[in-house]
Amino acid sequence: DIQMTQSPSSLSASVGDRLTITCRASQSINSYLNWYQQKPGKAPKLLIYAASSLQSGVPSRFSGSGSGTDFTLTISGLQPEDFATYYCQQSYSTPYTFGQGTNLEIK
Amino acid sequence: EVQLVESGGGLVQPGGSLRLSCAASGFTFSSYWMSWVRQAPGKGLEWVANIKQDGSEKASVDSVKGRFIISRDNAENSLYLQMNSLRAEDTAVYYCARGPANWGSFDYWGQGTLVTVSS
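Chains A and B are the protein sequences, given in the same order.
Residue numbers for the first sequence follow my numbering, so the first one is 1 and each next one is one higher.
Residue numbers for the second sequence follow my numbering, so the first one is 1001 and each next one is one higher.
Among the hints, a few may not be true.
[Unchecked claim] When the alpha-carbon atoms are kept at most 20 Å apart in a straight line, the in silico SDA-like pairs for lysine to any residue are as follows:
#, chain 1, residue 1, chain 2, residue 2
1, B, K1065, A, G77
2, A, K39, B, V1117
3, A, K45, A, S9
4, B, K1052, A, P95
5, B, K1052, B, W1103
6, A, K107, A, D82
7, A, K42, B, K1065
8, A, K45, A, D1
9, A, K39, B, Q1111
10, A, K42, B, V1002
11, A, K45, A, P59
12, A, K39, A, G77
13, A, K45, A, L78
14, B, K1043, B, V1117
15, B, K1065, A, S10
16, A, K45, B, V1117
Treat the hints as calculated values from the structure; they're not laboratory data.
If we strip away everything but chain B, and leave its shape as in the complex, we get (with noise of 0.2 Å):
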């Protein structure tokens, strides 16, 4: 069974730094893209990054670009989000997701890390 299970979110203050975690398990791993998709309080989805499976090519959404960084270790079936320069906007559930995959779809979804970034 495909599991995904994120950690590491909190409070945090405008301007502080957090790193999300995703372990994953029920499947290979280093054989699949991975992404991190957020959704803020009581609004819909947004794309936040992508990484390859080995790492070599990466991707994110322009809101995110200098401050948040992917990163992946295939040896520990872990997916990592380290979010610097936080902001109020950043505020959301953050979801671990296999993909893209079939049609550069989203097949398999973490149950989320709620990240809240207020003074």
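Bound conformation, chain A alone (with noise of 0.2 Å):
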């Protein structure tokens, strides 16, 4: 099973900072990488796929970026409703798999 790691665990922020959490996997997944966010008692919602490509309706402020095994997403301009937790997906073998999430936090 490809083996999905992020970091950080957790992180803590001001509304307006630019962020980025890294997620690195155990084998190259080309770009077949997914980035979701996560509220509270909420479905995770889906903000990148292909490493890059932004979901429609997903504001411009997240951006995704990396191929093979590293790859990064980017909030520039956090915004108040942006605090949550994200997670990466592999979508290159089954079973797919998830980092353990990155729980992102007002400072």
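Please assemble the complex out of the two chains, which come individually in their own frames, going by the hints.
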């Protein structure tokens, strides 16, 4: 199985900040990497697919990059509604696996 | 508007069975792979199983193989998960998700249904 490791596991930031979350795969997954946002008590929401493609309706302050084993999610200009948990997911092969999550909190 | 609505969760004893359902609307259900993803209380996300558009291909995580069966009824726009021999570690919110879709992503999710396995 492909292991996905996110860092950091938690992060404190302020409105307006620019931040980056990293996701590393245990083997090359090309660009088969997706990012999700989840708020407490809610279902996950797809933000980015194919490592860097913005899902329809997602604000442009979210961006993704990377290929192979190393990927990043960047949020430029944090908004109050962005405080949530973020997960990466590899879709290169089954079993599809997720990172452990990054909990973004308000500083 | 795409909608996925799960039902069938509840409290079940270890070794028991439960069948989850997911009613889909707002898109051509028969054109998409569909999946179940679960989340144990306070934990991360775990993909459970998926099924091809016509039901001819299925895959699941090792921990549920031989116990859980994914199926679909395209005439009813419904996805199912038959869960047998349930264990405490199967306790989770179970989400129905559309996908794998673009590049294997899950682009729409239901609100989830809670399954609790406990005596």
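Status of each hint after checking the structure:
For the proposed pair K1065 (chain B) and G77 (chain A), the alpha carbon gap of about 44 Å is over 20 Å, so the pair is violated. Under the criterion of a C-alpha separation no larger than 20 Å, the hint pairing K39 (chain A) with V1117 (chain B) is inconsistent with the structure, at around 25 Å. Between K45 (chain A) and S9 (chain A), the direct Cα distance comes to roughly 19 Å. Compliance with the 20 Å bound is thereby established for this hinted pair. Restraint check: the Cα-Cα separation between K1052 (chain B) and P95 (chain A) comes to about 15 Å, which is no more than 20 Å; the hinted pair holds.
Note on K1052 (chain B) and W1103 (chain B): the hinted pairing holds, with a Cα-Cα distance of about 15 Å set against a maximum of 20 Å. Restraint check for K107 (chain A) and D82 (chain A): satisfied, since their Cα atoms lie roughly 13 Å apart, inside the 20 Å limit. With a CA separation close to 27 Å, the supplied pair K42 (chain A) and K1065 (chain B) exceeds the 20 Å bound. Between K45 (chain A) and D1 (chain A), the direct Cα distance comes to roughly 24 Å. Violation of the 20 Å bound is thereby established for this hinted pair.
Straight-line distance between C-alpha atoms of K39 (chain A) and Q1111 (chain B) comes to about 12 Å, which keeps the hinted pair within the 20 Å bound. A threshold of 20 Å between alpha carbons decides the hint, and for K42 (chain A) with V1002 (chain B) the separation of about 16 Å falls inside it, so the pair holds. Proposed proximity of K45 (chain A) and P59 (chain A) is supported: the alpha carbons are some 13 Å apart, at most 20 Å. Taken as a hint, the K39 (chain A) and G77 (chain A) pair is honoured in the structure, with Cα atoms around 19 Å apart against an allowance of 20 Å.
Pair hint K45 (chain A) plus L78 (chain A) holds up; C-alpha atoms about 17 Å apart against a cutoff of 20 Å. In summary, the hint linking K1043 (chain B) to V1117 (chain B) is supported, as the alpha carbons are separated by about 16 Å, within the 20 Å threshold. Straight-line distance between C-alpha atoms of K1065 (chain B) and S10 (chain A) comes to about 33 Å, which puts the hinted pair past the 20 Å bound. With a C-alpha separation of about 27 Å, the suggested pairing of K45 (chain A) with V1117 (chain B) is violated against the 20 Å cut-off.
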